[in-house]
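Fit chain D with the ligands to the supplied structure of chain F, relying on the hints for placement.
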Amino acid sequence: MTTNHKRSAILIPIISVLLGIIAGAIIMLVSGYNPITGYSALFRGAFGDAYAIGETIRRTTPYILSGLAVAFAFRASLFNIGAEGQVIVGWLTAVWIGISVDAPMIIHLPLAILGAAIAGAIWGFIPGLLKAKLGVHEVIVTIMMNYIALFSTNEIIRNVLTDHKTTTESIKDSASMSSEWLSSMTYYSRLHYGILLALFVAVIIWFIIERTTLGFEIKAVGFNPHASRYAGMNVSKNIILAMVISGALGGLAGAMEGLGTYGNISVMSGFSNIGFDGIAVALLGANTPLGVILAALLFGSLKEGANEMPTGAGVPTELVDIIIALIIFFVASSYIIRWALLRYQGRKAK
Amino acid sequence: MEYVIEMLNITKEFPGIVANDNITLQLKKGEIHALLGENGAGKSTLMNVLFGLYQPEKGHIRIRGQEVEITNPNIANDLGIGMVHQHFMLVEPFTVTQNIILGKEPKTKTGRIDIKRAEKEIRELSDRYGLKVDPTAKIRDISVGMQQRVEILKTLYRGAEVLIFDEPTAVLTPQEINELMDIMRSLVKEGKSIILITHKLKEILQVADRCTIIRRGKGIGTVNVSETTESELASLMVGREVNFKVDKQPAKPKQTVLKINNLHVRDKRKVDMVKGLDLEVRAGEIVGIAGVDGNGQSELIEAITGLTRVQSGQILLNDQDITNKSPRKITESGLGHIPQDRHKFGLVLDYSVGENMVLQTYYKEPFSKRGILNLKEIYRYAKKMISAYDVRTPDAYTKARSLSGGNQQKAIIGREVDRSPDLLIAAQPTRGLDVGAIEFIHKKLVEERDKGRAVLLISFELDEILDVSDRIAVMFDGKVVADVKPEETNEQELGLLMAGSELQKAGEGK
Ligand SMILES: Nc1ncnc2c1ncn2[C@@H]1O[C@H](COP(=O)(O)OP(=O)(O)OP(=O)(O)O)[C@@H](O)[C@H]1O
Ligand SMILES: [Mg+2]
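First to last, the protein sequences are chains F and D.
Residues 1 to 350 in full-length UniProt numbering are what the first sequence lists, from first letter to last.
Residues 1 to 510 in full-length UniProt numbering are what the second sequence lists, from first letter to last.
It is possible that some hints are incorrect.
Quick list of simulated restraints, FRET-style, between CB atoms [what the hints assert, rightly or not]:
#, chain 1, residue 1, chain 2, residue 2, range
1, D, Lys-376, F, Leu-199, 23 to 33 Å
2, D, Gln-492, F, Val-139, 51 to 61 Å
3, D, Ile-372, F, Pro-316, 46 to 56 Å
4, F, Asn-159, D, Arg-401, 50 to 60 Å
5, D, Lys-485, F, Val-139, 50 to 60 Å
6, D, Lys-138, F, Val-139, 28 to 38 Å
7, D, Arg-380, F, Val-160, 54 to 64 Å
8, D, Met-89, F, Val-139, 43 to 53 Å
9, D, Arg-140, F, Asp-321, 38 to 48 Å
10, D, Lys-116, F, Phe-151, 49 to 59 Å
So these bits of chain F aren't anywhere near chain D, every CB distance computed over 12 Å [stated by the list, open to error]:
#, residue
11, Leu-18
12, Ile-27
13, Ile-36
14, Tyr-147
15, Lys-172
16, Ile-208
What the hints contain is simulated information worked out from the structure, not anything from laboratory work.
For every residue, glycine included, the Cβ atom is placed at its ideal position computed from N, Cα and C.
Isolated chain F, as found in the complex (with noise of 0.2 Å):
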């Protein structure tokens, strides 16, 4: 069974995207593009020259953030479906911090991005405490929590940042991920800093999930609460920690679009959605670091290429929206893959 588990872990990812490729083929054929002029426009937008290339991962990096936020919470199995508040609050954090303070690189910058988390961590410790003491649903609190987020930043961004504008001004150079020779290596992409800080993340996560007295609680008390509380965990304390952490990652994501890729924060119609497309990475990346990653790259590179596809092969954005809400589709429904995975096996095995 083992074996068996790790390849399907691997193979059912692979398979969906596959699907959601073709079935995005299928639907430019139907309307009339050529799905090849229009795939090549994608992979050219996303990895064409060094400076798509830049773009790509710029775009890849907060993804693996709110990616790595969605999966650590799913692990004690939590669904923190309010990443996408904790990724506006830490934004709005980090900018604030970067505007108002003054002081040297290396007290600044890692203050407003330590900020940033603290803000997403305390994004999550409500839901978490809500859950832990009195059982509310983290999904409904989350919920709330992003409609919070977005309209309360509005409103400082209004009325505490800025005199009724709608953006703020730029963060000072002491706060700044910007970098000089990623950019230049990249021709001048917005690519900065935040990429290394992200892979160190997902590092360090890996270590907690894997390596740590305190991910093997939490992997416990999202297996089986009964039997953890039974070993002598604290399930409560657990549920609280892994929200609070899941909030941290989401908030550094922010911290990403606000001192590496905008180095300011606007007025929001909407939610950016870098909290909600991580949830379809974490269940891409089967809730591992390593998986979001790539799931991360994955998406990254669609949204990126999909600038392409309008001017390159005609064929309008709201398509590659689709072939994402297809790939999303075919790893929810994995289970279905599985099936037939197994079907498959077995017959070949008689």
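Using the frame of chain F, we list chain D with the ligands on its own:
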């Protein structure tokens, strides 16, 4: 010879293990056929093959002489094979009827579910086989024994001709076991055929016609039950002589380890279950708690172990007050606990055997240091434990879920005993274990006692209570109503005490 089912030369492999190695089992029409084998011998696997849950690598299945391929349980149902699982698959808030017809609802002409007709049919079925099930009762309101009968009815309702019972008596009280035996007899009288998996040799001798024995995945043979004895069956199955009597010297009790004063505990529905209980267990003795299920035993254990809140009263462990302390605190004060429900409390089924072995100690050295796990140490320890407690598993990295029921139990027992707790609570420690393993566990309990530990044994099996305990506390209606010595009593008397008769004699009302 007329066989309803023939499983011929079945081989089923799992990674690292051949669970069934060329096994043949032939079931005659109208017989009760026992399937006997050690824990992990491959009994459940063989039955899952028959029920279409697993596909065998080799071998054929014939039903009434016809070669068939059973690729899923629906096909098994259509072929008239029904399985009564050990873990019931019932919807708690639904009624008996609703559960039975689920997925096979009879419809009225207008397309609505015809509950009335279903109830009538189920009542008829129930009467015919003497099941005494009330079709309108809700599942959550009926006893475990009744729930099992609902499972039986479910298979009958679906037209089963062959019924598979996988360890049906493990969860039943002695009374319920006798009734189940009667039900089985009336089933075969009506022409059904039965495959019965059980570790209790007495039950085989009582009801079965023939018995097929498997050892480590291989078929050893089939014997006529009328021509065999308990000890022959045991040695065929284990491959050596088995000692049914527990060898032990008289106990030399020392200081008091556990002391409970006037304990009151409620269950989840806020009903008083333990009502002013006093109990004392001393170092170097095994105290057995005898009682009919539902007289507060579970609540008592959960209170001692910190899993349930105590309403009032006091629990002292080594003179320390542990009343309403956290489970971790209590464990660290010297308690080991083999829980009654191993799937709910005893194991994290999705963790490996190795991880489960350190479920109580992972946070201590050498298994971790400053919050960082030492996997090498964990698995080294796990390997040692696996061989010390004869847990049959391909390796320490295998998920606990894929172990056979008995081997899961051995893993838990190993984990709890190895910590050498001052007080060991063993709740139904041998449930689902084969006779060889039971012998081993009983020896371990006595060994712990001789090392000066206090052992509290809870069991519904009077044999076990009488054999292993040095002192028996009889529990009835939330209290200890009698304290007797095993050598001065017998099953008869215990049975009466457990039914509360002593109370009546003494004329004390509640
Ligand atoms: N799904 C599975 N994956 C891997 N190994 C398995 C699986 N199911 C069973 N096994 C292994 O196959 C062997 C036979 O298991 P099985 O459950 O059939 O034993 P059993 O005879 O029913 O034992 P018990 O009396 O303890 O219930 C065991 O070694 C078990 O670990
Ligand atoms: Mg079994």
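Each hint, compared with the structure:
1. Between Lys-376/D and Leu-199/F the CB atoms are about 27 Å apart, so this pair conforms to the stated range of 23 to 33 Å.
2. At roughly 57 Å, the beta-carbon separation of Gln-492/D and Val-139/F lies within the given 51 to 61 Å, and the hint holds.
3. Take Ile-372/D and Pro-316/F: their Cβ atoms lie about 51 Å apart, and the range 46 to 56 Å holds.
4. For Asn-159/F and Arg-401/D, the Cβ-Cβ distance of about 55 Å falls inside the hinted range of 50 to 60 Å, so the restraint holds.
5. For the pair Lys-485/D and Val-139/F, the beta carbons lie near 58 Å from each other, so the given range of 50 to 60 Å is met.
6. Distance hint check for Lys-138/D and Val-139/F: the Cβ-Cβ separation is about 29 Å, which falls inside the suggested range of 28 to 38 Å.
7. The beta-carbon spacing between Arg-380/D and Val-160/F, approximately 58 Å, falls within the hinted interval of 54 to 64 Å.
8. At about 27 Å, the beta-carbon gap between Met-89/D and Val-139/F misses the expected band of 43 to 53 Å.
9. Checked against the given bound of 38 to 48 Å, the beta carbons of Arg-140/D and Asp-321/F, roughly 47 Å apart, stay inside it.
10. Distance hint for Lys-116/D and Phe-151/F: a CB-CB separation of about 55 Å, consistent with the stated range 49 to 59 Å.
11. Leu-18/F, annotated as away from the interface, keeps every beta carbon of chain D farther than 12 Å; the closest lies near 27 Å.
12. Non-interface call for Ile-27/F relative to chain D: holds, since the shortest CB-CB distance, roughly 34 Å, exceeds 12 Å.
13. Every CB of chain D is more than 12 Å from the CB of Ile-36/F (nearest about 40 Å), matching its label as outside the interface.
14. Here Tyr-147/F stays apart from chain D, with its beta-carbon at least about 34 Å from theirs, past the 12 Å limit.
15. With a closest Cβ-Cβ approach of about 37 Å to chain D, Lys-172/F is found to remain outside the 12 Å limit, as its non-interface label requires.
16. With a minimum CB-CB distance of about 9 Å to chain D, Ile-208/F fails to clear the 12 Å threshold, and the non-interface call is violated.
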